[in-house]
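All chains should be built: construct the whole structure from the sequences, respecting the hints.
Chain by chain, the residues:
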Amino acid sequence: MLKIDGITRRFGDVTALDDVSLEIGQGEFFALLGPSGCGKTTLLRIIAGFETPDGGTVTLDGEDLLGRQPNRRPISLMFQSYALFPHMTVAKNVAYGLERERLPRQEIRKRVGEVLETVGLSAHGDRKPAQLSGGQRQRVALARSIVKRPRLLLLDEPLSALDKKVRADMQLELKRLQHEVGITFVVVTHDQEEAMSLADRIAVFEHGRVRQVDEPVALYERPRTPFVADFVGANNLFEGTAGPETLLTEDFGPLSGTPLDGLEEGAKALLGVRPEKIRLREAETPDGLGGTVLDVSFYGGVSHISVDVPGHVRPVLVAVQGASGVQPGAEVKLHWEAPDAVIIPGAR
Amino acid sequence: MRRSRLLHVPFWFTYFFLYAPIVVLVMMSFNSGKSAYTYEGFSLKWYGVLAQDKKVMEGLVNTLVVAVGSTVIATVLGTLLAVGLARYTRSKTLDAFALMPAVLPDLVLAIGLLVFYGLVQFTLGLYSVILAHGVFAMAFVAAVVRTRLAGADTSLEEASRDLGAGPVTTFVKVTLPQLAPGIVAGALLAFTLSLDEFVIAFFTIGNLEQTLPIVIYSMIRFGVTPEINALGTILLLVSFTAVIVGQRLTKIGESRAQD
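Chains A and B are the protein sequences, given in the same order.
Take the first sequence: its letter number 132 is residue 132 in the numbering used here, and every next letter is one higher.
Take the second sequence: its letter number 9 is residue 9 in the numbering used here, and every next letter is one higher.
Source of the hints: derived by calculation from the structure; they are not laboratory data.
Quantities reported herein were computed from a predicted structural model and do not represent experimental measurements.
Be aware that one or more of the hints could be misleading.
[What the hints assert, rightly or not] Below 25 Å or equal to it, Euclidean Cα-Cα: the simulated SDA-like pairs (lysine to any residue) are: (1) A:Lys175 with A:Ser122; (2) B:Lys173 with A:Ala347; (3) A:Lys92 with B:Tyr217; (4) A:Lys92 with B:Phe198; (5) A:Lys165 with A:Pro216; (6) A:Lys92 with B:Lys173; (7) A:Lys92 with B:Leu249; (8) A:Lys128 with B:Glu158.
[What the hints assert, rightly or not] Chain B side only, calculated, beta carbon under 8 Å to chain A, not exhaustive: (9) Asp153; (10) Glu158; (11) Arg248.
Beta carbons are placed, not taken as given, at the ideal position from N, Cα and C, and that holds for glycine.
Right under this line is the structure:
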């Protein structure tokens, strides 16, 4: 549906986007994920029409988008700041886009009423944006964007301005709405948890390049580059060279894991193992990685245990269900199954 | 903590120097005698004399015509200038040029305009003063509106474009309401600047007409009479009202913009 091909954008010496190509399907909930300054917002602004790329094409259902003014694109952008018009009421804000289409007044009123109902703000139509809470403002921004029935809705960091409780509610709400209205959503976020919980597919950006495009589970379990392995979720990374079903390290000997397809033996590689995949064992166990418990943090549902492994720079993070019996200072062995660890090409 | 009482002396002295003449001016306008310097009793007769004075009345009308005309020009052009400078260019030179009339000595501007009008053979009169005051005050309006524009959120304009509005609709429906308090403040500034401007008006008005400041100047050459005091008092009242109304409007505009 949306096809981005070879988009490049430079600001002076800085290359914000470097030959980015993506394809997003009809009805998909797609996330652009990356740290700040990785170019994801620039890409969003190019799709919306507020930036012009130096090279590449963007087409929507085969039609060229780049030649059109922002007001002539069948796309809505929900701004990070929401950008509600402060001098208009909620209803006026929502009606703004429909009034530009010169629809009959009756129909405008009907559609505004419907969409306010959808976002649960029917009673607030006469209020000014300043009289609303953060979550309510976001609903208005959302209503204003979807009332035009765009083919594509772009959302720039939609939840970043909300506090934690409201954010969780809005996440569910966004998913429900996307399901209900059937519009393709493209969301920009730096929060990997948000991206994973919301999106059908995620593109991970680093320095203006797309590092990996995958479904959340695949992205988490089978990262393809060191950056993705480190950025998406908590991870423990070990350096070495690739061997058969193992990573050969200088400090810890062979570590078991599953190499990605096409990884050649002897190449520089990283082994990544998620905290929840690691088991703690008695220090007397023959195999496994030996270390000393540094700290135990209890979070309710899970406990995080950091273990100092001599020769490894960062403490190894282990997550266990519920409370943990180990005490700081205890000697332990770390163990994991080969299928639970992934060996990826590259070095840190 | 006690501060030195000594510092109160220059404070009160300065304020006395500033406001005592104004108080005297107002008081003497109600003088029943002929002198502007000795008070002889309360009377409103000088206001009556003023109302009968054809020259003053003509000057007042002229001044109002010039002030209104030049305010309209200055407000429209100054607002467009501010928006253009802030949104469509990054040139610092253009910026400096635009605000130049505000810092240029009035005398230079006045002589320049006089020479220019002569060059293009423009008949001098109220129109030439309106144009002159218009460009002069435009710089002030642009400066005031720019300050307001600097604090405005550009994503509002982008949101408007995104929702299907063209550049003109966006300007009218979104940008202007954001700028309204700044525009009102700028317009009032332009109005009061023109109201008592002497140098530029004196150079560019020609021989046939006179604005109020020029009328007063020519009256004063034959000595100050209580009639001039009465005129000063009225002017004081008008500019006070303008400032208070302006502040009121700006406040309403701001609270509306925040709502």
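Here is what the structure says about each hint:
For the hint linking Lys175 of chain A to Ser122 of chain A, the alpha-carbon distance of about 20 Å falls within 25 Å, and the restraint holds. The straight-line distance between the Cα atoms of Lys173 of chain B and Ala347 of chain A is roughly 54 Å, outside the 25 Å bound, and the hint therefore fails. Restraint check: the Cα-Cα separation between Lys92 of chain A and Tyr217 of chain B comes to about 54 Å, which exceeds 25 Å; the hinted pair is violated. Distance restraint check for Lys92 of chain A and Phe198 of chain B: the Cα-Cα separation of roughly 48 Å exceeds the 25 Å cut-off, and the hinted pair is therefore not satisfied.
With a CA separation close to 23 Å, the supplied pair Lys165 of chain A and Pro216 of chain A stays within the 25 Å bound. Of the pairs offered as hints, the one joining Lys92 of chain A and Lys173 of chain B holds, with about 12 Å between alpha carbons and a cut-off of 25 Å not exceeded. Of the pairs offered as hints, the one joining Lys92 of chain A and Leu249 of chain B holds, with about 23 Å between alpha carbons and a cut-off of 25 Å not exceeded. Straight-line distance between C-alpha atoms of Lys128 of chain A and Glu158 of chain B comes to about 20 Å, which keeps the hinted pair within the 25 Å bound.
Hint on Asp153 of chain B holds. Least Cβ distance to chain A is approximately 7 Å, under the 8 Å limit. Annotation: interface hint on Glu158 of chain B holds; nearest CB of chain A at approximately 6 Å, less than 8 Å. Below 8 Å, beta-carbon pairs count as interface contacts, and Arg248 of chain B has none with chain A, the closest being about 18 Å; its hint is therefore violated.
Hint compliance for this structure: hints 2, 3, 4, 11 are not met, and every other hint is.
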